[in-house]
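Chain order of the listed sequences is F and R. Quick note: the first sequence uses the working numbering, first residue 1, plus one each step. Quick note: the second sequence uses the working numbering, first residue 1, plus one each step.
Calculated directly from the structure, the hints in this document are not laboratory data. Errors might be hidden in some of the hints.
[What the hints assert, rightly or not] Some, not all, of what chain F presents toward chain R, calculated at C-beta under 7 Å:
#1 PRO148
#2 TYR162
#3 ARG163
#4 PHE166
#5 TYR347
#6 LEU351
#7 PHE352
[Stated by the list, open to error] Every beta carbon over 10 Å from chain R, so not counted as near; a handful from chain F, in silico:
#8 ILE154
#9 ILE174
#10 GLY196
#11 GLU237
#12 THR294
#13 ASP329
#14 VAL339
#15 ILE350
#16 LEU365
#17 ILE386
#18 LYS469
Every residue gets a Cβ at the ideal spot worked out from N, C-alpha and C, and that includes glycine.
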Amino acid sequence: MSDQTANGSATAAVEAAVREDRVGLLRVLGPVHVWALGVGIVLVGEFMGWNFSVGKGGAMGALIACWVIGLLYTCVAMIDSEVTSTVAAAGGQYAQAKHIMGPLMAFNVGLYLVMAYTMLEAADALIVGDLLVILAEQTGYEALDPKPFVILIIAFLAFLNYRGVFMTLTLNFIITAAAFVSIIILFLGVQPWQPGAMLKHSDLLTDLPYGWIGVIAAFQFGIWYYLGIEGTCQAAEEVRSPSRSLPLGTMTGIMTLLIAATLTWYVCSGLLPWEYLGQATVPLYDAARMTGSTTLQIFLFVGTMFAATASANGCINDASRAWFSMGRDRYMPLWFGAVHPRYRTPYRSILFLIPIAVSFAFTGLLDQVITFSILSGLLGYTFMPINMVIFRKKWPLGTIRRGYVHPFHPIPAIVLMVLCITTFFATYLGFGVQLLAMMVFYIVVSIWFSVHRYKYVRRSDQFTMNWPKPQGY
Amino acid sequence: MWILLEYAAWAIAALLLLWMVMDAARVNREFDEDVLLSSREGIDELLEHGDVPEAKEN
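With these hints in hand, go ahead and build the complete structure from the sequences.
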């Protein structure tokens, strides 16, 4: 009772102090949290989704897609690390675009982020619901309604995000690490040191079933291995040392994902024929079932559940920061730019996005929701190389301090642009209508922003970086 | 058991959502809007602390 009184007094004191002061997001995160945010959002893609690339290009085609798209995301991570170590603001790529390219690009990038993360969050919640349905069926109950569990997972994670970023991303670190460990355990469990004992690569690997066009088509699903690693930038305003933590968390994140993606492909392609793997719902779990080990099955079931939960958790964090930043700059109503005085979180943005995520989830169209999420992400990646080239041109090395300088500029930017264009072509092969619909949507909202919304923006207030004038201006 | 879990999930989700809405309403009521909207975009630590060495290109 006395503890409660003490806590209540402390809270009251904090809130009283805040009444007279400014409130901002809390700088409490370290590199571990940045890693947990980036890898947490992505790792679910190792447990499902990537395998559709096998259906397009065969097992070898999927491996090529895994590494080529891995190169795409390595470029994303390098570019992001440099720019965000300098533009240390919530909103990530939105804030980068605002300072480097201008308001219209920033508005579009902000929307890409919100749409990509909110849709991915909905898809993750659907996955948790589907997993529980599978679990119920295995225990003899055939009629489980996943809806209450979908809402519960969204509500619970939103609640965590509402109450504070430190606990949210500490939890993400624990469950993401556990999910990653489950992949390592499966890899060790199939005895990779004894080829042929459990892994049958020599029997199962075939030539490219649909030739090189199949490999190109596989690129769109290779994105699943890494989609969301760029989300590390959203923590920029909440890390203790952005110039150190963001590059460290992002680069170790992409290394983790490259390892996890390769291990995942290696295990699954050695246990499952490509015809089955190409349309499996939960390929890693299926691979665990193929081993006949109940322990591995349990590990992988829990790993899949954790990965989906971590992804939804990170998505809520990132979507709310992007929306909050746009509100703070009046790109969206200023009301969304509020920070909770006690928990120091963008509480209105978190609350506002809950019904949107739930409505996406209740469509039940997992594949469509994820496709739109991927397309929004891809549009965001296409902006990055242009952003990077302009950034180095306007503020060359030595004119502003950078926490990290990526090597070999402009090669990563050029490689990223080429790979984005190739992946757009691959996506057009499979989801042409959705791609065009997405383009039309962003063109329409861009017109709305330019004609209507931008007049509410305080133009001088939005540019906060204490940088020298760019070269040529 | 699963039916009970379904009901429990609905109930817990409703409670969590209700708590957040009520807390947000309380904060909106108790705090001045200027304070709630007083957050400013991340300051550039690198420029604030001149002792941070600039990274070298690899």
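Quick rundown of the hints versus the structure:
no., hint, result
1, PRO148, "4 Å, holds"
2, TYR162, "5 Å, holds"
3, ARG163, "9 Å, violated"
4, PHE166, "17 Å, violated"
5, TYR347, "6 Å, holds"
6, LEU351, "6 Å, holds"
7, PHE352, "10 Å, violated"
8, ILE154, "8 Å, violated"
9, ILE174, "20 Å, holds"
10, GLY196, "42 Å, holds"
11, GLU237, "4 Å, violated"
12, THR294, "21 Å, holds"
13, ASP329, "8 Å, violated"
14, VAL339, "5 Å, violated"
15, ILE350, "8 Å, violated"
16, LEU365, "22 Å, holds"
17, ILE386, "21 Å, holds"
18, LYS469, "15 Å, holds"
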